[in-house]
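2 protein chains.
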Amino acid sequence: MKFGIVGGIGPASTLDYYDGLTKKYYDATGECAPLVIDSINMYAMTGLLSKGDNEGVTRLILSSLENLSAAGATAAAMASNTPHIVFDELVKRSPLPLLSIVDETCKYIEKMGFRRALILGTEFTMKSGLYSAPLEKYGIKAVTPNEKDMALVHSFIFPKLENGIVDEEDKKKMVATAERYIAEQKADCAVLGCTEIPLMIHEGDFTVPTVNTAGVHIDAIAEFMIKNR
Amino acid sequence: MKFGIVGGIGPASTLDYYDGLTKKYYDATGECAPLVIDSINMYAMTGLLSKGDNEGVTRLILSSLENLSAAGATAAAMASNTPHIVFDELVKRSPLPLLSIVDETCKYIEKMGFRRALILGTEFTMKSGLYSAPLEKYGIKAVTPNEKDMALVHSFIFPKLENGIVDEEDKKKMVATAERYIAEQKADCAVLGCTEIPLMIHEGDFTVPTVNTAGVHIDAIAEFMIKNR
Numbered sequence: 001m002k003f004g005i006v007g008g009i010g011p012a013s014t015l016d017y018y019d020g021l022t023k024k025y026y027d028a029t030g031e032c033a034p035l036v037i038d039s040i041n042m043y044a045m046t047g048l049l050s051k052g053d054n055e056g057v058t059r060l061i062l063s064s065l066e067n068l069s070a071a072g073a074t075a076a077a078m079a080s081n082t083p084h085i086v087f088d089e090l091v092k093r094s095p096l097p098l099l100s101i102v103d104e105t106c107k108y109i110e111k112m113g114f115r116r117a118l119i120l121g122t123e124f125t126m127k128s129g130l131y132s133a134p135l136e137k138y139g140i141k142a143v144t145p146n147e148k149d150m151a152l153v154h155s156f157i158f159p160k161l162e163n164g165i166v167d168e169e170d171k172k173k174m175v176a177t178a179e180r181y182i183a184e185q186k187a188d189c190a191v192l193g194c195t196e197i198p199l200m201i202h203e204g205d206f207t208v209p210t211v212n213t214a215g216v217h218i219d220a221i222a223e224f225m226i227k228n229r
Numbered sequence: 001m002k003f004g005i006v007g008g009i010g011p012a013s014t015l016d017y018y019d020g021l022t023k024k025y026y027d028a029t030g031e032c033a034p035l036v037i038d039s040i041n042m043y044a045m046t047g048l049l050s051k052g053d054n055e056g057v058t059r060l061i062l063s064s065l066e067n068l069s070a071a072g073a074t075a076a077a078m079a080s081n082t083p084h085i086v087f088d089e090l091v092k093r094s095p096l097p098l099l100s101i102v103d104e105t106c107k108y109i110e111k112m113g114f115r116r117a118l119i120l121g122t123e124f125t126m127k128s129g130l131y132s133a134p135l136e137k138y139g140i141k142a143v144t145p146n147e148k149d150m151a152l153v154h155s156f157i158f159p160k161l162e163n164g165i166v167d168e169e170d171k172k173k174m175v176a177t178a179e180r181y182i183a184e185q186k187a188d189c190a191v192l193g194c195t196e197i198p199l200m201i202h203e204g205d206f207t208v209p210t211v212n213t214a215g216v217h218i219d220a221i222a223e224f225m226i227k228n229r
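Just so you know, the protein sequences line up as chains P and F, in that order.
When we follow my numbering, the leftmost residue of the first sequence carries the number 1, and every step to the right adds one.
When we follow my numbering, the leftmost residue of the second sequence carries the number 1, and every step to the right adds one.
Think of the hints as simulated: they come from the structure by calculation, not from any bench.
Treat the hints with care, since some could be wrong.
Unchecked claim - Over the 10 Å line for every Cβ pair with chain P, so calculated as not near, a few chain F residues:
{"#": "1", "residue": "K23"}
{"#": "2", "residue": "M42"}
{"#": "3", "residue": "E168"}
As the list claims (entries may be wrong) - Restricting the straight-line Cα-Cα distance to at most 20 Å, the calculated cross-link-like pairs of lysine to aspartate or glutamate (DMTMM-like) are:
{"#": "4", "chain 1": "P", "residue 1": "K2", "chain 2": "P", "residue 2": "D167"}
{"#": "5", "chain 1": "P", "residue 1": "K23", "chain 2": "F", "residue 2": "D167"}
{"#": "6", "chain 1": "P", "residue 1": "K24", "chain 2": "F", "residue 2": "D16"}
{"#": "7", "chain 1": "F", "residue 1": "K160", "chain 2": "P", "residue 2": "E31"}
{"#": "8", "chain 1": "F", "residue 1": "K23", "chain 2": "P", "residue 2": "E89"}
{"#": "9", "chain 1": "F", "residue 1": "K160", "chain 2": "P", "residue 2": "E223"}
{"#": "10", "chain 1": "P", "residue 1": "K160", "chain 2": "F", "residue 2": "D19"}
{"#": "11", "chain 1": "F", "residue 1": "K23", "chain 2": "P", "residue 2": "E223"}
{"#": "12", "chain 1": "F", "residue 1": "K24", "chain 2": "P", "residue 2": "D27"}
{"#": "13", "chain 1": "P", "residue 1": "K23", "chain 2": "F", "residue 2": "E66"}
{"#": "14", "chain 1": "P", "residue 1": "K23", "chain 2": "F", "residue 2": "D19"}
To be verified - Here are some chain F residues the structure puts well away from chain P; computed CB gaps all over 10 Å:
{"#": "15", "residue": "G52"}
{"#": "16", "residue": "F87"}
{"#": "17", "residue": "P97"}
{"#": "18", "residue": "K141"}
{"#": "19", "residue": "E147"}
{"#": "20", "residue": "A151"}
{"#": "21", "residue": "D170"}
{"#": "22", "residue": "E179"}
{"#": "23", "residue": "K186"}
{"#": "24", "residue": "A220"}
By construction, the Cβ of each residue, glycine as well, lies at the ideal position given by its N, Cα and C atoms.
Make the full structure from the sequences, and use the hints.
Here it is, written out as structure tokens:
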């Protein structure tokens, strides 16, 4: 089977997906991972999201999934948290089965035994409650920053982190903001709910463990590809 | 326009192409590079090459070019030197116009004013004379290692460099081998004629300038994409 990746959202995490998947697949099988990556226009996506045009986002991603299917992919994933806002609609209309970063992350958080998860991500991800409802099904509480802090966290991601640039001043502010919620709302883990945050935040930067959503997703995709090869 | 990359040959240089193209395109346009990457089975390709089955290699690459075309690409390139052995046949049968790493490298060598170029690459690349005839058209002499040294250089590339692993002992032997040809045959530059060699050899490692074929190719593709966007 050949796996398809909707990439470019942002480019830095697409590199992590390709690197991680090819290495994990090679280590397990001694073979080359059959992959196709369609790298889409991140700014077209964020423009639609800013206007609240979720149908537009759905169509943008569907068009990429159709490209991946035409190129021979038989299953796919989006190398990004944000477009998972329209995941349920995508599942209904996608030509390919999809592996969700949110589902895999929730399973991981449950397996690790965390109970109160601080959610960090783009404003779109945090405001939409992308992680809150799915986590609730597992009896896990999502701790979400207030609107002012959402805007602050978002400003660290766009445009710098999305282009692979880590600003040390931004990092200090990110740590201070996260630590305030960890202390006040007793979060026992921090979900790096944007695939670019791990460029800035590493395990040990916070006083609680971090959940690298991109890493969890890559592991799940590699396992799926190896099982179904 | 959307550009297609035949990738996976090997995976490490596909990362360089994606990273280089997205960054150069963003710096020039402020936009996301429209790219699709089809990552093929490197071992299928080298297996066919070892049997001398050039028609098999041509078909393998054509099938990938058809995938890229189906996914919306309107021009393409192979992120590797070796399959350029069948480039002329590919041009005749490809659904997409192709940008050659060999043509771009020859133009670069001429522009730099080099006269005698040491060619380092896979055994397939060195034995086939991939660079000798094109360089001759520009009046530039290709210096090629003897059969024993070809096998040695090839052994540094497969399997370690192709999987992104740099062995320091191999590097010492690579430098010693190259310097022997530079001294004896008066080469005035060294062509890193395999897209993975730049993982090991950097400017300054040899007593003559190096020509990073992947870097030259990426620059040419970025320029083409920006001009035709």
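Here is how each hint holds up against the structure:
no.	hint	in the structure
1	K23	8 Å, violated
2	M42	5 Å, violated
3	E168	21 Å, holds
4	K2/P - D167/P	37 Å, violated
5	K23/P - D167/F	18 Å, holds
6	K24/P - D16/F	19 Å, holds
7	K160/F - E31/P	14 Å, holds
8	K23/F - E89/P	32 Å, violated
9	K160/F - E223/P	24 Å, violated
10	K160/P - D19/F	15 Å, holds
11	K23/F - E223/P	30 Å, violated
12	K24/F - D27/P	32 Å, violated
13	K23/P - E66/F	26 Å, violated
14	K23/P - D19/F	17 Å, holds
15	G52	22 Å, holds
16	F87	22 Å, holds
17	P97	18 Å, holds
18	K141	36 Å, holds
19	E147	28 Å, holds
20	A151	23 Å, holds
21	D170	19 Å, holds
22	E179	33 Å, holds
23	K186	40 Å, holds
24	A220	19 Å, holds
Of the numbered hints listed earlier, those contradicted by the structure are 1, 2, 4, 8, 9, 11, 12, 13.
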